[in-house]
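The chain contents come next:
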Amino acid sequence: MGELLTGSQILCRALLEEGVDLLWGYPGGAIMPFYHALPDYPGLRHVLVRHEQAAAHAADGYARASGRPGVCVATSGPGATNLVTGIATAHMDSTPLVAITGQVPRAMIGRDAFQETDIIGITQPITKHSRLVEDVEELAEAVREVFAVAQEGRPGPVLLDVPKDVQNAKAAWDDGRSDRAPADRAPAIGRPAGASHGPDLPFSNAMALVEAARLIARAERPLIMAGHGIILSDAYAELRELAERTGTPVITTLLGISAFPESHPLHLGMPGMHGEVHVNRAIQQADLIIGIGLRFDDRVTGNLAAFARGAKVIHIELDASEIGKNVPVAVGLVGDARALLRALLDGVEPRHCNGWRAEIESFVRPRFESFKGGLSPDGILGSLEECTAGRCTIVSDVGQHQMWVAKLFRYQRPNTHITSGGLGTMGFAVPAAMGVALARPGEPVWAISGDGGFQMNMQEIATMVQERIPVKMAIFNNGYLGMVRQWQQFFHGRRYSATPIWSPDYVALAQAYGIPGYRVERAEQVDGVVRAALAHDGPALVEFLIEQEANVFPMIPPGASLSEPIESETVAV
Amino acid sequence: MTMTQRAVTVLLEDRLITFNRAVGLIRRRNLPVRSIAVGPTVTPGVSRLTIMIHSDEATADRAVQHLQKVVGVREAAAFPARDGVTRELALVKVRAAGDRYGELLDVVQLYHASVVDDNPDATIVELTGSEAFVLSCIRALERFEILEVARSGAVALEAGSEAGARVPANI
Chain A
252 MGELLTGSQI LCRALLEEGV DLLWGYPGGA IMPFYHALPD YPGLRHVLVR
302 HEQAAAHAAD GYARASGRPG VCVATSGPGA TNLVTGIATA HMDSTPLVAI
352 TGQVPRAMIG RDAFQETDII GITQPITKHS RLVEDVEELA EAVREVFAVA
402 QEGRPGPVLL DVPKDVQNAK AAWDDGRSDR APADRAPAIG RPAGASHGPD
452 LPFSNAMALV EAARLIARAE RPLIMAGHGI ILSDAYAELR ELAERTGTPV
502 ITTLLGISAF PESHPLHLGM PGMHGEVHVN RAIQQADLII GIGLRFDDRV
552 TGNLAAFARG AKVIHIELDA SEIGKNVPVA VGLVGDARAL LRALLDGVEP
602 RHCNGWRAEI ESFVRPRFES FKGGLSPDGI LGSLEECTAG RCTIVSDVGQ
652 HQMWVAKLFR YQRPNTHITS GGLGTMGFAV PAAMGVALAR PGEPVWAISG
702 DGGFQMNMQE IATMVQERIP VKMAIFNNGY LGMVRQWQQF FHGRRYSATP
752 IWSPDYVALA QAYGIPGYRV ERAEQVDGVV RAALAHDGPA LVEFLIEQEA
802 NVFPMIPPGA SLSEPIESET VAV
Chain B
15 MTMTQRAVTV LLEDRLITFN RAVGLIRRRN LPVRSIAVGP TVTPGVSRLT
65 IMIHSDEATA DRAVQHLQKV VGVREAAAFP ARDGVTRELA LVKVRAAGDR
115 YGELLDVVQL YHASVVDDNP DATIVELTGS EAFVLSCIRA LERFEILEVA
165 RSGAVALEAG SEAGARVPAN I
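Top line first, the protein sequences correspond to chains A and B. The numbers in the numbering used here rise by one with no breaks, and the one at position 98 of the first sequence is 349. The numbers in the numbering used here rise by one with no breaks, and the one at position 157 of the second sequence is 171.
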């Protein structure tokens with residue numbers, strides 16, 4: 252019989268047992284017993300956010316940067332529902348996020364009690380697993396279960412809903428339980444066969460590996476498409492080895508950016524809707540695509556019926572249900588990217604693709620940018636790269652600047668580009684960058700947003716100040732919801748409906764929060780301001796007034812094939 | 015890409031939340047569902063869910079892969095309905111005027127159905143068979159006044175010893 256503890260104390264101990272040392276949250280009625288216990292556990296640092304959505308994004312950012320689960324805490328009702336966008340963001344991008352919500356006492360559940368909401372029901376489609384803890388006796392086990400599910404196989408968000416009276420109820424805490432390996436849990440529940448994260452490969456992969464090696468040996472125009480799975484499984488060295496041994500050019504998807512060094516001669520760039528023309532053209536002409544840790548999202552493939560019609564596809568993916576979901580495959584390999592790449596490398600002979608690479612080289616067009624001189628995203632990102640010597644992590648928001656950030660900075664180090672890819676969540680960058688900053692102390696972390704997305708979560712500057720989180724915020728201010736405006740220009744006859752957006756005086760705003768704020772209007776100011784922001788020990792804000800109607804080129808119109816890019820204004824209008 | 019009737023069978027914890035997750039997934043993935051049936055198995059704590067869909071093989075296989083990821087799902091499998099036995103049960107409450115009661119009994123006998131409740135103003139007929147059989151029988155009963163129909167949705171087993179969603183020995 253172990254020590255008798257309250258549910259709240261058990262929750263804290265179980266979190267510590269999982270190696271948690273950081274929580275992002277916001278207290279409220281139904282989670283108060285937990286917050287009452289929290290000060291007794293100094294190993295759990297709590298960061299008070301200004302809105303629960305930011306807690307979820309910050310925990311997500313922390314998880315993406317550290318590879319460990321990020322944890323956010325909210326009360327029942329509105330606290331819990333405010334987490335929803337953050338949970339959905341983590342779900343689409345396979346992030347191990349653990350959300351802990353207070354719930355009304357058990358006897359009140361189902362009676363429309365004050366601040367009651369069925370958060371389990373609400374989040375069911377956007378969580379990997381969720382659990383309402385109905386008995387304090389099962390609380391410790393529930394914590395272990397949700398942490399295990401969040402991390403194993405393809406990572407994802409989980410939610411633990413803890414009624415207030417369960418937080419207050421007492422149960423025996425047995426440290427001995429911590430020795431129990433996750434494998435002792437119920438057998439294989441929810442774990443797809445062959446999705447283990449270890450080096451053991453399911454038998455069915457053996458034949459597929461032989462076939463994959465054969466296809467690679469025979470291909471004349473092979474391409475590697477690398478996605479988030481490379482980063483999640485830490486398969487950078489294996490990816491590079493495969494590319495170099497076979498001379499195969501590497502394309503990195505939006506979430507695969509920084510999985511492969513961009514200065515490498517085999518790196519091609521980003522594919523899809525805003526991918527470079529030569530990248531998309533290479534896809535359309537390839538005879539073999541080795542897709543690793545990606546899901547062939549519609550923003551990557553364009554019109555599926557016209558996608559890479561001459562290519563056989565080898566799809567290496569942890570989640571079996573992704574294989575063949577969008578693109579028919581010749582060979583599907585289910586498992587951890589790193590383990591599978593290692594196994595594949597055993598059977599792959601050295602070769603080169605010099606002819607094919609020269610052909611792709613001939614597809615390269617001079618990049619058309621619509622910047623009319625002055626302050627350009629190109630110049631800003633170039634300055635960031637130079638002033639940090641490339642040693643920084645960039646967290647982007649969603650929209651035009653997101654594409655510029657993806658394309659105009661040369662990422663050399665693994666996992667240094669973080670963005671909301673699948674859900675495309677505006678307002679992500681600022682709070683997520685807080686999580687990244689606490690996961691990577693000592694490294695500059697830039698949150699780059701547009702003037703729209705920044706205003707969605709700019710309240711978090713207060714969190715940064717109170718908690719001394721040194722995020723450098725950059726705003727690409729063009730006075731528009733730029734990407735929507737661009738679509739309106741191209742596809743809606745320039746009817747700029749609801750896209751002009753007013754901004755406050757950001758320098759004054761920074762001042763109000765007591766942090767340095769800078770406004771940059773001319774190219775020659777960029778370096779100095781970037782260096783000043785970097786030199787400041789703490790959060791800083793830089794507003795870049797960029798050209799109002801600059802566009803992101805090239806662009807594949809929605810529903811069109813990768814062979815039909817819009818390359819410049821003249822074609823667009 | 016042959017579109018045909020397929021059974022997706024799932025063994026899962028017999029908790030509402032797990033059932034909810036499995037069915038929610040079917041809705042979210044937009045599966046062409048024709049019927050859903052759920053009931054207990056010989057293993058305590060485990061239910062069997064049978065979802066009949068009209069789809070190609072790839073769609074059914076993907077449904078299985080998605081279902082296998084649901085926490086609380088032990089096994090999932092799919093097979094074309096023609097490769098196994100599919101049955102559903104229907105209870106049909108019929109009113110037959112006194113002078114037509116004999117005619118009702120003839121129909122019941124013809125379809126190997128049975129009368130399971132008999133009141134002066136209404137008779138409940140029980141039918142079991144394939145979906146087509148049940149529909150045909152209900153049509154035959156339409157010559158009387160049908161007051162209410164309760165159908166179970168189909169359950170299915172794949173023929174032969176290659177069991178699909180079988181309870182593993184260790185649970």
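Keep in mind that the hints were calculated from the coordinates and are not lab data. Note that beta-carbon positions come from the ideal geometry of N, C-alpha and C, so glycine has one too. Be aware that a few hints might be false.
Looking from chain A toward chain B, a few residues come up when the C-beta cut is under 10 Å (computed) [to be verified]:
{"#": "1", "residue": "299"}
{"#": "2", "residue": "382"}
{"#": "3", "residue": "404"}
{"#": "4", "residue": "405"}
Covered, in the sense of this in silico footprint (three residues per stretch, anywhere, with C-beta under 8 Å from a C-beta of chain A), are these stretches of chain B [said to hold, decoys possible]:
{"#": "5", "stretch": "31-38"}
{"#": "6", "stretch": "79-89"}
A quick look at each hint next to the structure:
| no. | hint | result |
| --- | --- | --- |
| 1 | 299 | violated, 31 Å |
| 2 | 382 | holds, 8 Å |
| 3 | 404 | holds, 8 Å |
| 4 | 405 | holds, 8 Å |
| 5 | 31-38 | holds (count 4) |
| 6 | 79-89 | holds (count 9) |
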